[in-house]
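S.K.: Spelled out, the chains give:
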Amino acid sequence: MTKHRNSIAFWAGVAIFLVAVLSMTQIVRNEYPFFAGYVILQFIALAVAWSILGGYAGYVNFGTNAFFGVGVYTAVALFKATGAPLVVQIAAAAAVGMTLGFGVGLLTLRMRGIFFSIATIALAIIIETFVMNWRFVGGAAGIQLQRPPVMAPFDSYVKMLFFVQAVLVVIAVGIARYIQNSRIGRGLQALRDDELAAECTGVPTLKLKLVACMISGALMSAVGAPAAMYLQYADPSSAFNLTYSVSALAMSLIGGTAHWIGPVLGAILLGSTQQFLAVTISSEINVLVLGIMLVLFVVAAPKGIIGLLRPRYRLRAGGKP
Amino acid sequence: MALSLAIEGLDAGYGAVKALRGVALHVEAGETVALLGTNGNGKSTLMKCIMGLVRPDRGRLSLTIDGQVHDLTKLSPEMIVDLGVALVPEGRRLFPKLTVTENLMLGAFRKLARGAIRQNLALAFETFPALKERRNQLAGTMSGGQQQMLAIARALMSSPRLLLIDEPSVGLSPLLVSQTIAKIGELKERVGLTVLMAEQNFNQAIRIADRGYIIVHGEIAVAAQSVDELKANDIVKRLYLGGVA
Chain A
6 MTKHRNSIAF WAGVAIFLVA VLSMTQIVRN EYPFFAGYVI LQFIALAVAW
56 SILGGYAGYV NFGTNAFFGV GVYTAVALFK ATGAPLVVQI AAAAAVGMTL
106 GFGVGLLTLR MRGIFFSIAT IALAIIIETF VMNWRFVGGA AGIQLQRPPV
156 MAPFDSYVKM LFFVQAVLVV IAVGIARYIQ NSRIGRGLQA LRDDELAAEC
206 TGVPTLKLKL VACMISGALM SAVGAPAAMY LQYADPSSAF NLTYSVSALA
256 MSLIGGTAHW IGPVLGAILL GSTQQFLAVT ISSEINVLVL GIMLVLFVVA
306 APKGIIGLLR PRYRLRAGGK P
Chain B
2 MALSLAIEGL DAGYGAVKAL RGVALHVEAG ETVALLGTNG NGKSTLMKCI
52 MGLVRPDRGR LSLTIDGQVH DLTKLSPEMI VDLGVALVPE GRRLFPKLTV
102 TENLMLGAFR KLARGAIRQN LALAFETFPA LKERRNQLAG TMSGGQQQML
152 AIARALMSSP RLLLIDEPSV GLSPLLVSQT IAKIGELKER VGLTVLMAEQ
202 NFNQAIRIAD RGYIIVHGEI AVAAQSVDEL KANDIVKRLY LGGVA
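As given, the protein sequences belong to chains A and B, one line each in that order.
So the first sequence is numbered by my numbering: it starts at 6 and just counts up by one.
So the second sequence is numbered by my numbering: it starts at 2 and just counts up by one.
Source of the hints: derived by calculation from the structure; they are not laboratory data.
Using N, Cα and C, we set each Cβ at its ideal position, and we do this for glycine too.
One or more of the hints may lead you astray.
Here are the computed lysine-lysine pairs in the DSSO-like style, where the Cα-Cα straight-line distance is at most 27 Å [stated by the list, open to error]:
| # | chain 1 | residue 1 | chain 2 | residue 2 |
| --- | --- | --- | --- | --- |
| 1 | A | Lys212 | B | Lys98 |
| 2 | B | Lys189 | A | Lys8 |
| 3 | B | Lys112 | A | Lys212 |
| 4 | B | Lys189 | A | Lys212 |
| 5 | B | Lys112 | B | Lys98 |
| 6 | B | Lys75 | A | Lys8 |
| 7 | A | Lys8 | B | Lys112 |
| 8 | B | Lys19 | B | Lys112 |
Just a few of them, taken from the derived set where beta-carbon distance is under 10 Å, the chain A residues facing chain B [what the hints assert, rightly or not]:
| # | residue |
| --- | --- |
| 9 | Ile126 |
| 10 | Gly192 |
| 11 | Asp199 |
If you want the ones that stay clear, here's a sample from chain B, every Cβ over 12 Å from chain A, calculated [claimed, not checked]:
| # | residue |
| --- | --- |
| 12 | Gly14 |
| 13 | Ala25 |
| 14 | Lys49 |
| 15 | Ile66 |
| 16 | Val70 |
| 17 | Ser77 |
| 18 | Asn104 |
| 19 | Ala114 |
| 20 | Lys133 |
| 21 | Ala152 |
| 22 | Ala224 |
| 23 | Ile236 |
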């Protein structure tokens, strides 16, 4: 019963969120809040996507930037070749991200803990090098993109992207929430706590890790897809910037990984602080703030924000950070 | 319900280290077989091979159920669980941050096991009343003896027909070892289990065993047809009973 009621509350919250976002794009004239808000939404979706493998399963992925960049360049290549609309670009990016997640998962998920993390760092470097030498999408110099005309009911492309990213957040959170409450989630949690014990009880560990890696990868790439249109420009060193990996990881850990709300809270806190500082002081200070916050949380609240809020999760959220 | 396990010429190891060499062993339906040996002789590796957690380099590992032969070397651990094999791993390996009930529920992760979740939970609580009293306690906060009971109960949740138990006596006081062994014997009668138990504690293991093997440096040194034959064996006298060989 309570589960059912929780679901109603959740989807009502989602509906209110989307309506609020949509009405904001219709009412607010100034474009700046959408510019800043887009980035925060992007990080919420990235952090939630990251936590599906990094949080639930405890497999720390340093390759967020690889998936994000693949999303960016799938959209760029598709747009340049066929002029496909944004929705198609995002769907294609998700498909490519999922395929990449499957391939990477198959090759690396047999490795445990730190070895998996190291392998994912290499992944971004390999793909970035490949894109740098791909003339069609501009190579190392990058590529300028002309936005197509905006669609109704939006009056500016940035507002539309803001709404699209909000939808991606809802999709990411919906999937993460579903996984958390499902048998997949319980299996992932079991293998995070003790992989051997999970195997003994019949949890298909490799299969579940692969599924988590594919879903996480698909979401990360989908989140990256609109970035090229947002900036009207793409270049390999920004699309594959390690900051995406560090941010997604830090936001998840600061928020707490035992519940989907953790990465959301972490990304809102860290993302808005960074946006605020970028305007008031300088965007250079972002990495410093991220580092300081991470240190503070690791010392004072190792289970993240949700660990402070719910004592039960403090016990649950253990395992590998 | 005929079930038997047959192992022939099994070699297994970790990289260059050979843990098992030419192991041959069989377990017939309804038997309790003890696999005896001191630390580092390959008992756990053999258990993990049967469960599909370690892939052997060579040899046959087959489980026959009602006349149908299954080659375990080709199956994944979860498929082996589905066939009715469960392992109580060495050192218990519970999920310490989950409650007793949650640990038991994870034992019934497989689709086949979920159908019988009620009966199996009732059986677990009936066999181990202490677990029922503590069903909402976190597994990691229980005593070693209770944790061992929970580890066995969790394995029962998958409705196994062949139960593999790896060193149930590890880290327990002599009294608790004795109680644990008695419980295994009791369970076996009750559910009609077939049991293969790896153990260091010779005197405790032979209380419930029908027969046993002794494994030394990865090879089966003794294959005894009865407990009496085991007791009379020279190697046993030398290794376990303090006799002069």
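S.K.: Each hint: holds or not?
M.R.: We went through each hint and held it up to the structure:
| no. | hint | result |
| --- | --- | --- |
| 1 | A:Lys212 with B:Lys98 | holds (24 Å) |
| 2 | B:Lys189 with A:Lys8 | violated (39 Å) |
| 3 | B:Lys112 with A:Lys212 | holds (15 Å) |
| 4 | B:Lys189 with A:Lys212 | violated (33 Å) |
| 5 | B:Lys112 with B:Lys98 | holds (24 Å) |
| 6 | B:Lys75 with A:Lys8 | violated (40 Å) |
| 7 | A:Lys8 with B:Lys112 | holds (22 Å) |
| 8 | B:Lys19 with B:Lys112 | violated (36 Å) |
| 9 | Ile126 | violated (25 Å) |
| 10 | Gly192 | holds (6 Å) |
| 11 | Asp199 | holds (5 Å) |
| 12 | Gly14 | holds (18 Å) |
| 13 | Ala25 | holds (25 Å) |
| 14 | Lys49 | violated (9 Å) |
| 15 | Ile66 | holds (17 Å) |
| 16 | Val70 | holds (21 Å) |
| 17 | Ser77 | violated (7 Å) |
| 18 | Asn104 | violated (9 Å) |
| 19 | Ala114 | violated (7 Å) |
| 20 | Lys133 | holds (20 Å) |
| 21 | Ala152 | violated (9 Å) |
| 22 | Ala224 | holds (27 Å) |
| 23 | Ile236 | holds (31 Å) |
Comparing the model with each earlier hint shows violations of hints 2, 4, 6, 8, 9, 14, 17, 18, 19 and 21; every other hint is respected.
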